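Put the two chains together into one complex; each comes in its own frame, and the hints tell you how they fit.
Residue numbers (our numbering), protein chains in the order written: chain G, 2 to 692; chain W, 40 to 519.
I should point out that these hints are in silico values taken from the structure, not numbers from a laboratory. Possibly wrong hints are sitting among the right ones.
[What the hints assert, rightly or not] Distance windows between CB atoms, simulated:
1. W:K478 - G:D28: 19 to 29 Å
2. G:L564 - W:Q487: 49 to 59 Å
3. W:A234 - G:L681: 37 to 47 Å
Nothing here was measured: the structure is a model prediction, and the numbers come from that model. Ideal placement from N, C-alpha and C gives every residue a C-beta, glycine not left out.
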Amino acid sequence: MIHELRILPPLAIARFGSAPTPMDNYDVVVDSEKPLGYRLLQPADTFQLDVDSGEITDVFVPDELSFTEDGKVRPVAPFLEVWALTGDEALTGGGQLEPLTTELLEAEGSSVADLRWQVQVANLKVVRRTGDEDDKVVADSGEFADHARRPLVGECEHFLPDKSIGLGHVQFVKPTEAHPQIRLRFTPAGGFVYGSTGAPQDAPAPDPNDVTDVVYDASEGDWDGYRDYPADGPPNLGITAPPQIYAGFDDADRAHVSYGYLDDGCDGVVRVTLKVGDRTLRAFGRVGAGPPTYAPDAVPIRSVADELEQALFGPTVEPADATFERVEEIVRRSFETIRLMNTVRWNVRGMGSPDVPIMDSSLVDSIALENLHQSLLVALRSGTAPWFADVLREYDEAGDFTAPARRKMPAMMRGADAQLMTLTRRQIDLIRTVARGPMFTDGEEDVTGVTPTNLTAQLHHRAAGNLPSTLPDSAVSNCYPGLEFDFRNIWRRVFEGIELHESSGFVVRANPEHSALVGRYLIQVADFTTLMTVTQPDGTTDSAFMEWSNALAEVVANHTGELVPCTFVSPASDPDPQTVELRVRPLFARSDAMQSSTALIDEVIAQPGELTQSLCSPWQNDYQECGCFYWAASRPDYVNVDSTVEGSVGDRWMAARAEPKTYDVPDFTHQELFQGWEELLRFVVGGKDRE
Amino acid sequence: MRSRITRHLWPVLDTIEPEVPPLELNGRDYAIFLLRLAAEIEHGLMVQYLFAAYSLGGPNVPLEQQGTVRAWQETILGVAKEEMGHLVTVQNLLTALGGPLQFNREDYPNDNVLYETGFRLEPLTPPSLATYICAESPKDWETTNPDQARDIKREAKLSTGGDVNRVGRLYEELIRVIGDAALVPDDTFAETNAAMQASWDAWGRGFRQGAAGRQGPDAPDDQDVRDEHELVIVEVTTREAAIGALEQVGEQGEGFELPENEDESHFQRFLKIYEELTDLGEDARKALIRDVAKNPTTHLNGPDVPRPDVAADPDKPDTTSAITNPEARMWAHLFNVRYRRLLVNLSHAFELAADQSDLGGPGPRGTLINRSFAEMYNLRSIAGVLVGLPLDQAKRDDERAGPPFQMPHSLMLPHDEPDRWRLHRDLLDASATLIERIKTADGTGAGQDYVTALAQADQIERGQLELLIGGVPPEPGGGP
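For reference, chain W alone in the conformation it holds in the complex (with noise of 0.2 Å):
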């Protein structure tokens, strides 16, 4: 982890005497650097429970157990979305600060303050979800199930060489800090703040608590999915308002408390499937994970990738996969435009939020809510084309692609607006190329309708974005 990270987080890591705040910070400045801190790790726990459930199906998954694998998919893609919203409810207490916004974090693998190996994209297996469960447990996971805190601990620090820390001490932290007026004072919070932040009304797509993950009525009762996840989509004016905040996302996922529904916390929802995971013989297992390369990557010279003469080391969770097949690569590629996409449509949405004259009408700002959950969509298709390729060139039935989840070299929006959506129009030409090239490549053929349709729509919102910029009017009826 940067140094400029770890040097300020003794009070949260308690290996020496805390002092709060920490040197060279305030009170507020404190809350802010933790408050982006959390952004990171709930941007990067989203990211790798997406690709942990995309690594779930394939051909292989034997009848009898397709609806228990599909479940599972629902549940983790569930808690992903929810990871989501906590994200989003952060960003609005940093708002809520006046701190800057935090859609940024590492490449994987990376190290981070949970623990030394850090976030890892791999698929799903039991080592994985007991860093999962680690990471979820509430405070007194060891005192009320001693046995089965020691095992699960145990195997998840065999998995990432150490000790794996709760993600809920940040948020215990968090709450300390901004619940002392002497280090977060009054003058702090301001009511004009909840204009400038995400609602639950633009952002919550109709997921409430028994809304969501429900299959209805009409399901058939063995696959009667009851995963009823709830999106935490906070505004903060208040610091009654801001500790409501993060003890709800501490409540849903980062484990206050044993919560009495086990459907209701991120850990508890692990630790089911974890249980019913390990039931399970490792081939049995086996058939119903696809066989996707841990940390794929486009990155074919970085210091961390083996050369290609020597082959990556699978037990060593910390190399990266890189994507060689080359049909692979530019679907990858793809990804990490789309991927990047949905990051720059976030932050500009929460941009144009804090411009006064733009609020409560249609126009740019609910466009760029609405391409948010469009990218969303395009990167989980994206993903279903990779987890069905081969990773290597030489190796075509060997493990296949995966989602690389590659940050962008800037998340930093210029300044001006019409430069804004000239970096969409950017973004928009770079994924034309890869369209192209996947459309004439000589490959598997794989994904090519969705493609045609992606240019189509990329061409539409082109001629949308021209007209904001400032040039050419799209044509009548808003594209072809």
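Just chain G, same shape as in the assembly (with noise of 0.2 Å):
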């Protein structure tokens, strides 16, 4: 008996690309031969889809891998499968998760025709600044049960007339007697900028509006001219953190000016119901779509995933979940990230200055710093117990910028909270429990399997077909404000009756019985603080708002579903402090057959658009102008490194090449990236351009 349905994966994370074909499969493996080296993309069994019939025609395996077509990227298309709850009426051991198929369909009576779609998404990049309901970008299927290619169309009440945007397409994937099982496959926009009527006073030059296409009436809505901090009043204190991360330009004083501009990403929902007899049963997922991971070996040292894990299971790691291989991981990404920064010059420019560099600079050449995590991994294949959680930096430590904390792991890269990047507690806890086991033992276990108790396993179903790159460990999570999501929206509802902001203590709406909160500041939660001290190199202090994710992760642990008191203070001189008392919202969508916890994020939590709304708009304003290189495993930094005397030398990845190699030329422009992006980013594999 099928009890519930699930979508796994539970968020799968499309690729934007505008060739036709989208991305061959691949794996991505560690060379046991050389355990050191890059991560192998070793091509993998990739299906064909015919968008006309539906039907999955073909599954090949590609002789070769081309992240290109034509100079156009091939955008990563997710497929996301529907698998059920079975087992006996009572769910006697808790039953099982298995795919569901035409073959398990017919065993309770129903069939493919039983089966409704539906796919919301929606773009709220412009909303979240103008506060305008009419400026939200939203596309939604309506329900249906074909299986023809379905356009999601992007309307706004402020485009012009017939003019929308499109944010990708749908398909409910035919099932055939070789592929029966039940999935949907999501492609996302080509990457495109779309632009405004409008012409911003005071801009120093035309806007070239060199744009796909021309969307936004200026004279219906207010995003053409925004400004994060109006020329005529205080600033919003909702405004994104960062904030003026929206094409445009500077005004005379200095406060940015949008042009109007908007993209096509997305977040959103899809749903899949099924009428068993007098029975519907309905499961959801999430899907976003984001920028390529340009280096496809590579993964972030903190990811969405790592964000979930903390979210579902705590900050404390079990000791059967704390592996070597797990903490192997997490040394592997960092060398894989900073394997691609420059860093001699981010240890100037990454939270350093050219005054008080990071770190001594003769450490810092890339080589050498690649050595040493080299080292690492060689120590740690050895079953020698990690020494080195003595120099992480603690959750609470952020915004500690003496110097000898400055120095701490990771390095030269900015956290969710804008101060010193952290890894999660949980990454921490593995870690320092992984530490304590060695001594003592041999061997160790590592469950897996798709189970209905395996959240981890649920989270990390690489559907069949699917790249490593539609999974959250593939997103990058210390967001400000991040790429594929903003992952920090998730926090915002998670206290019933009011919203917070998704990178502080700032309470943006309440239900009206705590309608007195609104423009308040959260600063304590039952026995946590949300604030940490930021120390400055010079030893004086200020207070900032922690991170979401590690400040609440105890208290998401220990307490959803409960009341807790919340402590709330004025930002005026008199904080007149307020303590209320609140109901922690679970983040997670609830299992009623297993009563239990899903790895799905609750609808209450993040409406279609919510994931992404606090991104750049357009994306690719992101990789112009942010300053932070925690993500160079998504945007390459340092590339086609080579080893001479006087230390490494290298290209600077977001630029046109030189001949001799070299970083210091300037970056690609904003109106090159919006139009050009596609074939001026280059792919790297093996630190190298792939041609």
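In structure tokens form, the structure reads like this:
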């Protein structure tokens, strides 16, 4: 008997590209003979989906991998599989999770015809700034059961008549005898930039407006000419962090003025329903569309998967889950990020300064740091307890900019709270837990397999035909603001009755009963402060909000569903602390059949578009302007690196290649990226440009 | 101890009326002599402590004791790290006075100024701890805690066959000598020296007081190791700085006075472990410590090694334990090569610091510093394998092998820079031979993943070395 449905993976990531053929599948594996080298990309089973019939007509392994097609990037288009929680009527033993297939449907007395889908995605980047609901760009497929390829048409009240933004396509894959599983494919948009009819006053030069299409009616909406810092009043306290990350120009007062550009990024919800007799079973999954992973053989140090695991399981790791492989993976990911950074430059720019470098400059050459990280990997392979937990930055040390503290790991990178980057508390606990083991034990276990209770396996489930970059561990999470998602947005509604800012304790909205809290700041939850001390190199101190993920890890782990005392203060000179009991809302959807949490972010926590609303607009702005390199695994910095006697030499990734190689060349401009990113930006494999 | 050392040590040993400086030396030379002796002692202590730390653990440790044993190991490793800091600071002092660096020491067992039987590599026991405590004890220990001092000194004496001298005496003499302008004139010190010395920035690795050894706010209470050790790495360009550096080193471990904070000094940390260990019965203690052989060596035919048909006397600490198990021998040889690489990287890094054109930028010096730390990690890794392998070819269930820490035939660096890089390459060649034998040997299979990774790391480094030697550039991207 089918008790419930699931869509796996619960969060799937698509990646832009305007080439007609989606990217072929590959596996990313560590070379067992060269464990210190780059991960290998091995071509893997790729589904050939006939868009006319909706059927998978072939499965092939490509001879070689090509990320582009005629100069255009091949999009990553994930499949979302439907799984069924099955078992006897009492669900004895918890049942099992198995793929929903035509055979299983038939056994239930149902058929494919009893399935319905609906996909809702949105781009809320503009409304996030303007606050005008008519600036929402929303696409709703409506309910469908056929297998046609359906466009997701992004519509907006403030668009010109007959104008829209394509946010991608979805297709219900027609099951066949060879491929009987129920699945849907989400294909993202092309990564285009759209413009506005307006011409903001005070622009230093005419807006080139070299966009794919002009869609926004500046006479209707205020996106064109929008300022986070208005000329005639105080800033809206709810502006994004970082602020002013939209395409535009700086006015005479150095306030950033929007050109009114939009992109075709989005996130949303995929729903499936199945009628089984007189029952209707429902499930949903989440999707998002973001830029390509330009270093597909590298994984971010801290990913959306790490955030989800901490939110699901808490900051403390069970000993059975604390394996050497997982510690090695963290070290490897650190290695993969710094390997793509010009660490000599970031030693004085990445949260440092020319006068106060983060580390002794003799130590930070890229090759030298590579060697150091390789030595860590070598030592871990011996089963030596990870000794380096001592030099990891604790979650409450993110604001310590004194010289010794800035050297802690991860170094040279920014965190989600704009301070120094930390790992999640769970990642740190993993390292410490493993460090406690090797003196006394032999071997280790690793539990895998999609089961009803193995939420980790569900979270990381790689649907058949899906690339590794469709999963949340490929998405950078140290969000300031992020790339695929601004994952800080999942914390906004963690307390029932109020809505917080994604990066601070500022109360943005509240239910009527708590309306007095709007405009105040949450500084304490039960025994846990939301603030940390920020200490400058000269010793002066201040306070700042910690990133929610680490600050609330224990609250979510131990008090979900409970009332907790929450203390708020006023931003005025008289803090006037006020403590209110609020209930901690579950972050994850609940399985009624199993009476337990699933691995799926609940719909109340984030509506379509809300996981991406505070990202840069358009996304290429982030590439051009971000001064942080915690995401070098996604956006490389330093490539084609060679050793010389004087140190390493290489190319600047986001610039034209020069001969001889040099890092000192200008980045591609905003306009070059907006319209030419597919041709200009190169995929990097093994640290080198992929021609 | 070599007579060329002991004949100048009367002021320290107080056996006859001291004449300072001793005949044949002037004041500066005498200070350099003492500093080089201090370097040998710091080096010897560090290795001794590392060995003791590696002997802890094993599959027989009861679950309820694992937290305690782990805490002991981290504490002793922390002390060893601090001794490394002392060693580096002593090199800075030598540089400040214009003396040659000293990374050399005698193999184990050896006699030295501290006590008759000298340094030994042996598993952690109450007698060995008693020895460490006495060596690190403060001057007024007998006054402030006479019963404790008496009992522990007696135990140490039984173990070593004689009184155990305090390391602090050496530092007291150093402070006296360097503090005397008549012995060490003002013009001995120069500001320009600083660039030639090791800095905390380069060598500190993020370990500062309160930052190292802590388990963090999320650690379970019973495993909250507040071992807040600190690396003392001090640059010295003035007499005051030199005295300050010596005082810091002394306060941290060699004990001028009983510190207020019981976690501060090496003396107090060893004392705490001693008290916890002696509270246990002998059988309980045995379960916590691996049965690692004393003074393990790869040397089979040396004069201090009994003939194969004569068993080593376990009660005679001045004998060595030959590693005869073939698999363990290969690992022990690999350990020695990597130990030599550590010492060569260290001394080469100090030599490069003397090159004014190589200051402040990335390049070979930074790589050498990083590689020094890489070799420390390797030593820990290989030691972890060795303490799990049998010592004796015939007795597989008996004593375990251990890291031998045997000194190389020479620590002298070639004069020319390319030749120095060739020496690094020579050591990689030697390592490659041993790795290949380990990989193909018919043994337990221990450490195979590790040597595969190590071989690749060495191959990458080799490519970079070829560039420095002036040969073929490495593959683009830095290696395979």
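Verification of the hints:
The hinted window of 19 to 29 Å between K478 (chain W) and D28 (chain G) holds, with their beta carbons roughly 27 Å apart. A hinted range of 49 to 59 Å for the beta carbons of L564 (chain G) and Q487 (chain W) is consistent with their spacing of about 55 Å. Separation of A234 (chain W) from L681 (chain G) is about 44 Å and conforms to the stated range, judged on CB atoms against 37 to 47 Å.
Violated hints: none; the structure is consistent with every hint.
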